[in-house]
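Engineer: Quick mapping for you: the protein sequence lines, in order, are chains A, B and C. Letter 67 of the first sequence, counting from 1, is numbered 67 in the numbering used here, and no numbers are missing. Letter 71 of the second sequence, counting from 1, is numbered 71 in the numbering used here, and no numbers are missing. Letter 136 of the third sequence, counting from 1, is numbered 136 in the numbering used here, and no numbers are missing.
Hints should not be assumed to be uniformly reliable.
[To be verified] Listed below are the simulated DSS-like cross-link pairs for lysine-lysine, each with C-alpha atoms no more than 25 Å apart in a straight line:
# : chain 1 : residue 1 : chain 2 : residue 2
1 : C       : K204      : C       : K54
2 : C       : K59       : B       : K31
3 : B       : K10       : C       : K204
4 : B       : K10       : C       : K208
[Claimed, not checked] Just so you have them, the derived chain B footprint on chain C, three or more residues with Cβ under 8 Å:
# : segment
5 : 61-67
6 : 175-181
Quick caveat, the hints were computed from the structure, so don't treat them as lab data. For each residue, glycine too, the CB sits at the ideal point set by N, CA and C.
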Amino acid sequence: MSMSVMVGGLNKSYAGRRALDGVSCVFEPGIITAVVGPNGSGKTTLLRIAAMLESMDGGSVAYTDGDSAVQPGLSLMRRVTYVSQAPVLFNTSVRENIAYGLKARGLTKHEVALRVDEAIATGGIGHLSESDARRLSGGEAQRVALVRAYALKPEAAFLDEPTSNLDPSGVAAMEALIMRMRDEDGAAVVIVTHNIFQARRIADRVVFLHEGRVVESGGAPEFFASPQNGLTRRFLSGEMAY
Amino acid sequence: MNTIINGLAKAISLILSFDRELYAIIFLSLKVSGLAVVIASLIGIPLGAVCALRRFFGRGVLVTLLNTFMGLPPVVAGLAVYLFLSRSGPLGFMGLLYSPSAMVIAQAVIAMPIVAALTWSAVASVDARVRETALTLGATPMMAEWRMLSEARLSVFSAVIAGFGRTMAEVGAVLMVGGNIAGYTRVMTTTIAMETGKGSFELAIALGVVLIFVAFVVNVLFRMAQGRGMTV
Amino acid sequence: MKLTVRLMLITLTAALFLSSPAMAETRVVLASTTSTQNTGLFDVLLPAYYNWTKMKDVKIDVVAVGTGKAIEVARRGDADILLVHDREKEDAFIKDGYGKDRHDVMYNDFVVIGPPDDPAMAKAATDAVDAFKRLASSGAAFVSRGDESGTHAKEKKLWKAAGVDTVTLKSYLSVGQGMEATLRITDEKGAYTLSDRATYYVLKDSLKSVVLLYWGDPALFNQYGVMAVNPAKFPHAHYDVAKDFIAFIAGPVGQKVIGGFKDKAGHVLFTPNAK
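With the rest of the complex left out, here is chain A:
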């Protein structure tokens, strides 16, 4: 499976305010793309539209598998997942939360149990598995949401600030999980991050958004070593207050 996501000329406004202005990019399979930029630059909006959770005012979102286009619909939705910035967990145990998407896909009880156990072990949250998901701390909830996404073995994963609440060891564990999604499942992983260091650590490509436009994008090493655009340089040097 090698699914790519192509967004072209995306426009989106909220209450008269332009969030996205002609944004185009491609998210390739087996690649972690970091979307960076100051607050309000449209990163979350881009993610949500690409993940088919919101409609755009103009432009297009296209999913292709190899050469053929993939039609939007339930089956495509089940090859894609999205984790929001403040994750929403269900009013049940952590284990049931992780099992939810698998059960929805009609896997057998046995298969579900296997996948859930594997995901919990890989994500290192065994100590939380029977807990009431509503009673977790912000950081614990974020880890569970990510493990939940990982368990689905998605072909495209859109993660919004996936480690913002975690301490360094938690960040390391979750970055490892995200890289597994790329490596084991060949997923097109797109993460929005505030954390330049994180982008340096794990991104293969970087897209820099500023005020709803793509200012610069490219392979991660080049992007960080020699940014072309003045705005990019100012952003990377920390001069942009955000």
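Once you have looked at the hints, place chains B and C on chain A.
Structural biologist: Positioned in the frame of chain A, the structure of chains B and C alone reads:
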């Protein structure tokens, strides 16, 4: 004071000796209200959930109506059902008046708006992002709606309990459509009313004690469900 | 919890269905009055009927309300047999084609109940109408059933005969309830009321502030009549059972049961008088 003490003493002996008449009345009350609440929930829970989850023409009016009828005096519901089920009424051919079935119908009519309105309120209070999250995990729209309802399950359960409590406590409707027939449509509340009128307080007090006890048990069960948390 | 809920539902539904009575029997509604039911007469009469009747699987359901209401119930076709005590209303019922096969069944009488010190001097009345005149002129409190029952009808007739408009009475309480409730309220207030003797006997021991004051005038006789709901008006009515029951209650066996029926203190409450 004597009457009360004597009444209480006789009541306890009736309860402990498993007096046949007493227990028949108790079980009939539980059966009628129980079945009524089941029917009310089968209609009311989906109705309340749909009102909370989907937009449709007339939704606001429907919700207002449900909330209004939640406060419907049971005796008015009884009157309406009586007029329908009477031989001179539209459903008279069914011959249901003065039977336990009529009582179940009347009590279902009373309980349904309660269950529906409280379910609506419970589901409407669920974080709207739950639905979207379910979709991102691969749920169909229907599954996502079901998840919204599941999130509110404790509140929905308490809505059902509220309906049950109301029907167990009412006397006007069951009296009118049931006829308080000995051994057939005589329930706890109608017996209390009748026996008190006759001056035989023992049976009335015994039933009063039992009614309070039933309310207590129901509440305990509810707390247990709550305390167990939400682990499904 | 889903599983537990399912289990509870299944158990509940099963319990409900398993405990429903067999549908083979014929249920027949007898509309009567609360005062009759509260004497306990039906608890004796119905078993005797079941013993006597040759009809199979018949169940008589007594729906006891005020006389006016009982007749209304029968008019709507919700009853098969009527046993009340208001001759005028019964005759109207038959005249309008709703009832047939009326028989006298039994009688008891009405009595005037009031406070022992009897400020209205009802005890010394020359007849029933005179008693009511005295009640009116004394200004004493009077409690009326006010529910269109046989008792209420009799009370209204007596006021009329005494030339009294109840609106003018100083203290006239119309409570809209059955005889027992009315007697209790009367007792509570130490007022006067008109009661049927049977109900008074049933409650006598628990009434602390009122006693029997006036009785005996034939005008106070309370005649009970039984009749069947006319199948011509209501084809669904169980006329065959109604006829059978009437044959019982107006026949020698039923009459004997009525005559032998006593309350806890040994009073005979009804005098059988079927012809």
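Engineer: Which constraints among the numbered hints does this structure fail? Numbers only, ascending.
Structural biologist: 1
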